[in-house]
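Colleague: Sequence:
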Amino acid sequence: MPRGVATPEPRQQLFAAVERVIVGDGPSRLTSRAVTREAGVATGLLFTHFTNFDDFLVGYAVDRSFQIAGAVAGLPARAGAATVAENLGEVGQALPLSMLLAMARLLAYRPGTTASVEAVLGPGTAGLQPLEQATARYLAAEQRLGRVPAGTDPDALALAVAGVLQHVVLSYGTSPAAATRIRRAMAALTEGFPAVTR
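Numbering-wise (UniProt numbering), the sequence shown opens with residue 1 and increments by one.
Some clues are possibly wrong.
Computed beta-carbon distance windows for the label pairs [stated by the list, open to error]: (1) Gln93 x Ser28: 43 to 49 Å; (2) Thr48 x Ala177: 39 to 45 Å; (3) Gln93 x Ala150: 39 to 45 Å; (4) Arg37 x Tyr109: 18 to 24 Å; (5) Pro149 x Arg29: 42 to 48 Å; (6) Ala119 x Ala82: 35 to 41 Å; (7) Glu191 x Arg20: 35 to 41 Å.
Keep in mind the hints are simulated off the structure, nothing from the lab.
C-beta atoms are modelled at their ideal positions from N, C-alpha and C, and glycine is treated no differently.
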């Protein structure tokens, strides 16, 4: 990029670029040069906004973890509407698969990033943890309405939902098959649940 030309929302531009690098090439290919080349900006721009490359990756993980938490925050309020399988399936569709894939790969490749995110956002906030927690609250709410069987463990089922999402994005990436697999898995996990709505 020519000198003196302002970069609109440079942090988000860099975050989108690191996501594309992780999804396209894998986290082992992450370098500041790879990210800035993907973003189409000078390498120095990254270090204008972040102390070092580790700080940048933590910034990315914090931003995306916050987005995931925001995207699933309304799930418990959906209790009683549609079906449980439909609501859980929509959670997977509400989150960009590319973001889920990038986060899953990054946190697995650099496990210390989880603690760094939690140092900023609090315990249980990194990656898919907010989704798991929101799902558990949602399932507990549905259980109180009689739409999830009384013997069901909402926490364990929420863990299974998060596990399905992580496995699917790691196995199928952003292909159309991923969304189909998620919907089928949610239907299987909730098979036999009452379909009544209030």
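Colleague: Each hint needs a verdict: does it hold in this structure or not?
Modeller: Here's how the hints hold up against the structure:
no.	hint	verdict
1	Gln93 x Ser28: 43 to 49 Å	29 Å, violated
2	Thr48 x Ala177: 39 to 45 Å	40 Å, holds
3	Gln93 x Ala150: 39 to 45 Å	29 Å, violated
4	Arg37 x Tyr109: 18 to 24 Å	20 Å, holds
5	Pro149 x Arg29: 42 to 48 Å	46 Å, holds
6	Ala119 x Ala82: 35 to 41 Å	37 Å, holds
7	Glu191 x Arg20: 35 to 41 Å	37 Å, holds
When the structure is compared with the earlier hints, violations turn up for hints 1 and 3 and for no others.
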